[in-house]
Amino acid sequence: MNILEEIFKESFTFLFILFVFALIIDKILLILRSIFMFQDYHLKWYIYWTKKAYYLRYKFEKILHQFYDVDPRMTPSIFFYHRNKFLQSQRNYTGTIPILSGDLVRFATLKSYEMIISIILGVFFAYAFKVDLLKIWEKTVLQFSGWNIDHDIWLCYLISGIILGIGAAVLRSFRTTIE
Amino acid sequence: MNPSVIETTILVRLLATILGLAFVVEIIHMLFMKFVQPIIIGVVREKVPKISVLKNIFYEIQDLIHYSKFSDEVETEAEKFREEMSEIINKLNKEIDPVKRMKIFQTVSDIENYSFSENYPMSTILVQPAASYNHYQTLRAIVAHLLGFSIAIIVVHSFSFSIINEILKYYINSSVPLWVDYLMTGLIIGGGSGSAHLLIYYIKKWRVPKNLRKDIFNKDDFLVDTILKKTTEKMSMIHDGTTDKWIKITYNGGVDIENLEFIHHRKKDPNMIIYHHTGIINCCTFDDIVRVVKDSRDPRGNWMKTAYHCVVLTDGSIHPFCRWDRYGKHAAGYNRYSLGLAFHGNFETDPHAPNSNINRIFGPIRPSDAQLKSGAQVVVLWTFLYNIKVDFKNSIIPHKEISSKTCPGNSFPYDDFMKYVEYYQRHWEKSPEIRERIEEFKLKPFIYTS
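In the order they appear, the protein sequences are chains A and B. Each residue of the first sequence is one higher than the last, beginning at 2 in the numbering used here. Each residue of the second sequence is one higher than the last, beginning at 3 in the numbering used here.
Isolated chain B, as found in the complex (with noise of 0.2 angstroms):
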């Protein structure tokens, strides 16, 4: 027989002594934590926060001031712009000269990157930055496997279990220090000891039929669950609409509401809607839409917070982005008083204009009927929540109107559009039902500037 060959036995001996001991191990590590944890939970609180943390409160409120003034200075800034603009397409017209007619093109191009461009890159990879480990959690995990390691070499030594040297005795007849055997099979039993605590996890949580163990155990959460479940469901009677006529949105302030907290504030309420489409291609996801528009700079190289105040997907669903008492960055030299409503979609096929959708690279070239639709919704609640009246060359116009954009695209039905819009004026003014939801609607927070 070879000399190297361990008995099965032997080996089966040491595998139960190992299972045994760790099982061991294990419960008195449990019963050990339950003691180290509130001392944990103690160290890793902290109860008056460090001048330091202060300071970089304070910091980052100044850094938000700051960009708040910035963000003023840059809209009134375009606002200038786009008198200046005014002039130049005036001067563009009388030009006859090519060359000429070019230099002013770019000037007024250059005067237009001031907005959130719907050219978004294709190509472009969101970084996700990396989240921090939580205090609690590493602290727990270091304290928890030195414990394991220290209670599994305090048993292995009052068992004088010495595993290392018990395999190299039948192995390669040969020994190694005591302490060495008592440290390498504390850390062996300490591991099998991780085994044991699933085992045992495994153990509790299934001896008792599921149906049974939701109504012993988590008696409360049940309960919550079904409270919850039937506020949902009358709340969404009241607001999803009982009929179709009535808009199907859930407006809390849209995405990232703290981030806006001290900066686009608005003068005053809005007067005007601005129409446009994202650009991006068709199958992107809200989130997917969120992620590119935050990942977008200005052309002073400062990240985009937001930009439209709604965006309407294909499939009709609505999701409101920027905070409506705050303003977005979608129209240059209108942003502080216009809201922006935003089709998924790139509807522009002429093959001169830039990220033309010609070869329905980004989807279909025209939004389909529900999203017409519910975009309509959005800008007649709009008009009734602001008064902004329904005048389709001053106050609802397409981005197209007041820059050299052509968003949102030649293929854009604006005719049907406008039909719709003037369709729910009509209806929701003369229902009072609808009257009363809007009204209710009103005292939604984040809604209007004070």
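Isolated chain A (complex conformation) (with noise of 0.2 angstroms):
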């Protein structure tokens, strides 16, 4: 068989086991985000988030105390990095002050949480039905690299895992980038 139809083949095998288990960890995620959601208005877990954003501009002042003598100006630019993650840009905010918002803190927690239950879930699922990815590439890609994949089956498996959660992870991305 010619060898790019068998790497074609193999992708497209690879592609839809990451598919149809991505879709089985985002489904579950998003069912413990609604349940999660569910209790934060129920036991009014927004205080807890609020004083999370009081704790982390604690944090971030501390560390602006090092930046004193900078022109104001440029503060800013200091917290480009959080800008996305915890900084207001969002409500038709029209202003220039960083303004650190306990509703991104929460956002920000909730999607840390999310990565590391999809890459738990995915190690659970490769382990339970036995999903070795990296066996598809066996023939081919990794025939030239001398690793014999059967002697570290358990390395497969949590391989096969973080890639199951991570592509959950892009699935989900993908998802709210198209709504």
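No lab work stands behind these hints: they were computed from the structure. Just so it is clear, CB atoms sit at the ideal spot from N, CA and C, and this is done for glycine as well. Be aware that one or more of the hints could be misleading.
Looking from chain A toward chain B, a few residues come up when the C-beta cut is under 8 angstroms (computed) [to be verified]:
hint, residue
1, E11
2, F13
3, T14
4, I32
5, M38
6, K45
7, Y47
8, I100
9, Y114
10, I137
11, A170
12, T177
Put the two chains together into one complex; each comes in its own frame, and the hints tell you how they fit.
Pasting the structure below:
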């Protein structure tokens, strides 16, 4: 069989399995998120997120203290890294003063937890259903590496699980972009 | 051939089945949601507030009344301090010993701390509190997800479609229990139905050309838009002035009207106007000024609710801030019977003064002409509204006259500002058209104490 055709089939299988398990993980995370939101409303967790935002402000101001002599107009650029994460740029705010949003702190924390949970689920599914994504490439791409996959099957499941978890995150970001 | 590789035809068939079933699930899901949605609304709607909610409202009002009393106490105290301060300043002028003079000076500045300081921290990061989620939306999300998932499992079961076993059969030649497979396939189809929902939504949205759609579906909205547009044009003709002589101001109570409902009451209408500079970096917007003020605390640790009654930005735009029928915290001891006008920027260039703009780090050291004119117009409007006499020694004064501060700065063009005020005062007094507009303005809410 033509090697290119073989690689195409392998890629297609790889992507298909990734897509299927990413969909499962994504749906589980969606259900978990909706339960979290429901609890957040009932247990008034927004107070916790506001407190967390104040704590972060304290931490940032400590960092800013080191830049005390810098031109104050430069302050937003010091926070450039955190701008999309925590600093408010929504709700028609036209100002220039950095505003740490409690909502964005909650969102960023949730996002990181979602990533961790999706990787854990990925590893779990990879182990439970014996999904070894590396095995697909065994005969073509990995044959030159001299790596015997069967000897490190745990490592293969772990890598496959991480790929599935990250794949779910990619699928989620793709879906939210379309939305 | 690699045994782990699945034939492309099988994968395409599986994909097509997933997509088809996702559409089926989505349509059933949409149908069910139509019935479920009114039930959710019924659950969420609380017709009679619970006792705990009423209690909370009662405590909030109690707090507000307490705060109002407390503000009055602080203000009375500040008035006493003002009298004490004049005595101390007299003493200071007579004292020769530098050590004693320093001590007396410290006492003066301690008293002055009771007013809202213009020395803003430059690196302040403000915090916007997290909002609570909406009860209806959270409940709806849970119900929608679980309903979609359940429908998908039923559909998968009735079609006997098990995707995991199908994959594993070709992939590693193994299988999982059928119920696990239905559960997983249900999740896949349920997850995929979200994408199907999006697709259906876009097809629905774009099937009619945009311009036609507006006429057909949003006929009422279109009419409302047209009426609003016409009304706004008409209003702007009246209030923004057909000539450039009338003030360009939109006063509807300023910022946070409700928050000042129970607090900062005046006993009588103001009889004095005090003008300031904001002391904030010039590139900040009005939003910034409001946020900086609200993020500040007075020396007793209470959050500042409001400060100036009007802020004039460099481009001459006028932004009402505090309600005019309430007092703002801008000049200690004088708040209850004065109005505060702030020119945005920092016009202090004395290197010995705190928060000085010597390096022009806060922007220009002089207010723009447009800013001065707008400020003068606000002052003249207030003089007409509250019958305040145009007297630059007693009733229209800079903040520095009544405090140890330098506000609004040594580079502020006091003479020019006074000339503008006198010009508008003369002009408006003679113009019957503008007098009529002032009379109209007097009818607006949130202007007078009673």
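Discussion item. Checking hints one by one. Is I100(A) an interface residue toward chain B, by the C-beta closer than 8 angstroms rule?
Written reply: 5 angstroms, holds
- Task: Using 8 angstroms as the Cβ threshold, decide whether A170(A) counts as touching chain B.
- Result: A170(A) check fails; min Cβ-Cβ to chain B is 14 angstroms, beyond 8 angstroms.
- Task: Under 8 angstroms, Cβ to Cβ, is where E11(A) needs to be relative to chain B, so tell me if that hint holds or is violated.
- Result: Nearest chain B Cβ about 5 angstroms off; hint holds.
Review point. Taking the closest Cβ pair, is T177(A) under 8 angstroms from chain B?
Key: This interface hint is violated because 11 angstroms lies over the 8 angstroms limit.
Against chain B, run the beta carbon of M38(A) and see if the smallest gap drops under 8 angstroms. 5 angstroms, holds
*asked:* Interface hint check: F13(A), Cβ to nearest Cβ on chain B, cutoff 8 angstroms. Holds or violated?
replied: 6 angstroms, holds
| said: Does T14(A) hold up as a contact with chain B if the rule is Cβ-Cβ below 8 angstroms? | reply: 5 angstroms, holds
Y114(A) as chain B interface residue, shortest Cβ-Cβ below 8 angstroms
16 angstroms, violated
- Return the status of the interface hint for I137(A): holds when the least beta-carbon distance to chain B is below 8 angstroms, violated otherwise. 5 angstroms, holds
Check: Would the stated hint for I32(A) survive a check requiring a Cβ distance to chain B of less than 8 angstroms?
Finding: Holds, because the Cβ-Cβ distance from I32(A) to chain B comes to roughly 5 angstroms (cut-off 8 angstroms).
TODO: Report holds or violated for the interface hint on Y47(A), using the least CB-CB distance to chain B and a cut-off of 8 angstroms.
DONE: Interface hint status for Y47(A): holds (4 angstroms vs cutoff 8 angstroms).
Hint check: 8 angstroms Cβ-Cβ cutoff, K45(A) to chain B: 7 angstroms, holds
When the structure is compared with the earlier hints, violations turn up for hints 9, 11 and 12 and for no others.
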